[in-house]
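*Asks:* Sequence:
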Amino acid sequence: MGCQRTLAAGRTALLLAGLLVALWHRCAASCPERDLEDREEEANIVLTGTVDEIINMDPVHNTYSCKVRVWRYLKGKTNVNREILLDGGNKLMIGGFGNPGICDNQVATGDTRIFFLNPAPEAMGPEHKNELMLNSSLMRITLRNLEDVEHCVEELKYT
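Numbering of the sequence shown is given in this note's numbering, commencing with residue 782 and proceeding in unit increments.
The hints are simulated quantities; they were obtained by calculation from the structure and are not laboratory data.
Watch out, some of these pointers could steer you wrong.
No farther apart than 25 Å at their CA atoms in a straight line, the calculated lysine to any residue pairs in the SDA-like style are these [as the list claims (entries may be wrong)]:
{"no.": "1", "residue 1": "K872", "residue 2": "K910"}
{"no.": "2", "residue 1": "K910", "residue 2": "P881"}
{"no.": "3", "residue 1": "K872", "residue 2": "N926"}
{"no.": "4", "residue 1": "K858", "residue 2": "N926"}
{"no.": "5", "residue 1": "K910", "residue 2": "D816"}
{"no.": "6", "residue 1": "K910", "residue 2": "H932"}
For each label pair, taking beta carbons as the anchor points, the in silico distance ranges come out as [said to hold, decoys possible]:
{"no.": "7", "residue 1": "K910", "residue 2": "H842", "range": "17 to 25 Å"}
{"no.": "8", "residue 1": "D868", "residue 2": "D819", "range": "31 to 39 Å"}
{"no.": "9", "residue 1": "D868", "residue 2": "E818", "range": "15 to 23 Å"}
C-beta atoms are modelled at their ideal positions from N, C-alpha and C, and glycine is treated no differently.
All chains should be built: construct the whole structure from the sequences, respecting the hints.
*Replies:* Next comes the structure, spelled out in structure tokens:
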């Protein structure tokens, strides 16, 4: 009798695992990500940074901005002028978090990521004047991700 229960529990666990994998694939398919090369080319600024503070939450659109401590510019440091820099020059205001058009765009305080950014369009109004906006999904910081992004940036320099 105990053997049959173990077998039934094993089948149930396998079925649940299969369902979770199917749901994960479906969720991933609902938000297709562009190639890294395209994302890097479309962004004027690519940097690594840590989310210092979450601010400007918009409850209607579920979007928010973050103050981000910059660790390293991978591309576009010259596009960042003094008016954009905050708190002694090592922090930036970045908006576009929660944007439904960007797949991976949710962060918490203390998260360190690779950010693909562009200046906020003037049409967004004066409150976003010195803000940068997410251009595409965030990337987790891993050695492989850093090498891949650096390779894309370097390739662009020499073509």
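*Asks:* Each of the hints needs a verdict: does it hold here or not?
*Replies:* How the hints compare with the structure:
1. For the given pair, K872 sits about 15 Å from K910 by alpha-carbon distance, which is consistent with the 25 Å threshold.
2. Distance hint between K910 and P881 is fulfilled; the C-alpha atoms sit about 22 Å from each other, no more than 25 Å.
3. Proposed proximity of K872 and N926 is supported: the alpha carbons are some 22 Å apart, at most 25 Å.
4. A C-alpha spacing of about 20 Å is found between K858 and N926, which places the hinted pair at or below 25 Å, so the restraint holds.
5. This hinted pair does not check out: K910 and D816 have alpha carbons roughly 29 Å apart, beyond 25 Å.
6. Between the alpha carbons of K910 and H932 the distance comes to roughly 31 Å, so the proposed pair goes past 25 Å and is violated.
7. Remark: the range hint 17 to 25 Å for K910 to H842 is upheld by a beta-carbon distance near 19 Å.
8. At roughly 32 Å, the beta carbons of D868 and D819 sit within the given window of 31 to 39 Å.
9. Remark: the range hint 15 to 23 Å for D868 to E818 is contradicted by a beta-carbon distance near 33 Å.
In summary, the structure is inconsistent with hints 5, 6 and 9 from the numbered list given earlier, while agreeing with the others.
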